[in-house]
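Asks: So the protein sequences, as listed, match chains V and C. Take 1 as the starting number for the first sequence in UniProt numbering and just add one per residue. Take 1 as the starting number for the second sequence in UniProt numbering and just add one per residue.
None of these hints come from the bench; they were simulated from the model. Note that beta-carbon positions come from the ideal geometry of N, C-alpha and C, so glycine has one too. Just to be clear, a hint being listed does not mean it is correct.
[Stated by the list, open to error] Derived DEER-like restraints, expressed as beta-carbon distance ranges:
#1 C/109 <-> V/31: 32 to 38 Å
#2 V/90 <-> C/123: 30 to 36 Å
#3 V/97 <-> C/123: 21 to 27 Å
#4 C/235 <-> V/89: 55 to 61 Å
#5 V/225 <-> C/200: 30 to 36 Å
#6 V/109 <-> C/165: 50 to 56 Å
#7 C/123 <-> V/204: 47 to 53 Å
#8 C/150 <-> V/76: 51 to 57 Å
#9 V/204 <-> C/50: 55 to 61 Å
#10 V/89 <-> C/288: 52 to 58 Å
#11 C/288 <-> V/31: 50 to 56 Å
#12 V/211 <-> C/218: 35 to 41 Å
The lines below spell out each chain.
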Amino acid sequence: MVQSTHTPVREQDAPASGPPAMVTFRNVWKSFGAIKVLRGIDLTIERGQVVCVIGASGSGKSTMLRCVNGLEEATDGVIEVDGELIGVRLRGGRRHELSPREAAAQRGHIGMVFQQFNLFPNRTALENVMEGPVVVAGLPRDQARRRAEELLTRVGLADRAGMYPRQLSGGQQQRVAIARALAMEPKLMLFDEPTSALDPELVGEVLGVMKELAEAGMTMLVVTHEMAFAREVADRVAFVDAGRIVEYATPAEVFGNPTHPRTREFLARVQ
Amino acid sequence: MTARITAEIADDPGAAVSTLVPTPTAPLGTEPTPPGLPLVRRKHPWRLVSYALLALILAMLANSVLTNERWRWDVVGEYLFDDKVLGGLWITIVLTLGAVGVGLALGSVIAGLRMSSSRVLSIIAAWYIWFFRGVPVIVQVIFWVYLAQLYPVISIGIPFGPEFAFYDTNLLVAPIIGCIIGLSFNESAYMAEILRGGVAAIPPGQIEAARAVGMTPRQIRRRILAPQILPVVLPPFFNNVNAMTKTTAVVILASVTDLFSAVMQIGARNLQQTPLLLVATFWYLVLTAGLTLFQVGLERLVARSATRS
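The shape of chain V in the complex, shown without the other chains (with noise of 0.2 Å):
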């Protein structure tokens, strides 16, 4: 299904029936100079939703997922997370940007993990992990310690703990780094390639990892090359092509029957 129709920005929330969803782009733009990376962006993930997202380098899909925790600030439209807009408060028909505090603040709700992990590397794997939470939610550093290693035998790392970065593989690298994401307790997690820079054989045991978050119910947005993953793990898959998002749906349907054109070319060369 083609959204074709935006949803209306409105300065209030709209009247609370049930709880919001926990992502919503609100016809999302973003440029870098003159080239417009994200033409009018409209998506909304409900709570405990995986949604994937899959096009062509150069498509637009990391831009949009580095959107919804402020790392890009979009051109215009609004994305709302947990009901509350990220970046910006809408005052007389225009964003206002928040304060770096309170950006920061929002940002420590939302986990994300890199394509190129980007551990700190002059800590070990628990410190990693412990840091968030520490420095950010202020957690005394013994709750924050046992949080972590918690975390890390969540991601079967639990014997890696005192390792620096260096001396983790690609892989071990990665779990690291869902589990730094974890820490912060998050409401939401964000996904950028998070395969795509490891071995082959490493794959595996980070999606392993993911499996087992979304099937704990968590809301994520993923960002991937892993066809066969975004079709067992995913409720909804959207195909992004050219900034602009051609094609949304379950993946039986995106992988099935694509009813774009475009979905087909690309389906057509990955597979």
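Add chain C to chain V, keeping to what the hints say.
Replies: Relative to the frame of chain V, chain C by itself:
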């Protein structure tokens, strides 16, 4: 060499590699044995020649320095621990520490402005760096020492409004203070660039990861940037401190008696300038050796905490 190699191959008729290196014999499942072909390293005969040549040159230099009495090593020994020399050494240390300390503090601010997202602040910082790196240190030092020629009285008050406190510039800015101010401004421009280089060396993903866990800009500077910049900026930082140790000698023109001007004053009296310059050289080398040892220790400490293996 080539002749020998061909000869050896000729010595070994039918020297097909297959006969030299037995093909794997161990069947799968049993322990394989290596072929046992030791590697003979290349010889470097010219290295021995270079060692001999260097030894000869060093021996000639040592002989000349020790047997030529005009070097006057006795005068060097006499003044090595002279009170005036040690007093000058102390002033050199104070000037260096002062200039580096103030320069680092000021340089951090300038680096912050230079990297600011505000174009205005960034450009102002760039002009600051251009100016204080560009004007000769010696001019900057003399400017501050002779500040009273321009502003005999310094007052504190509301800009363009009333003033309530007045100070005699010559008393407020003693020559040594003027020297430290002049050296510090110059140093701060270099320090700013060293720090900016350090930040540029940090992969942007580090800052993104820190932002993604919800850190504020201040937390990112202190928890992520500062510790990761340290190993990057230490070598250029100490390079600069080393240079500053000797740059302090420009204060001789501001009638401050540092190590260099102390030996020049003694030399002017007893006309033994060269041996006295050797005295100063000795102490400058001691200072920079101390600095180097400190740097090595600090780098090791930082490297251990960063575990770059």
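Asks: Can you list which hints this structure breaks, lowest number first?
Replies: Of the numbered hints, just 4 does not hold.
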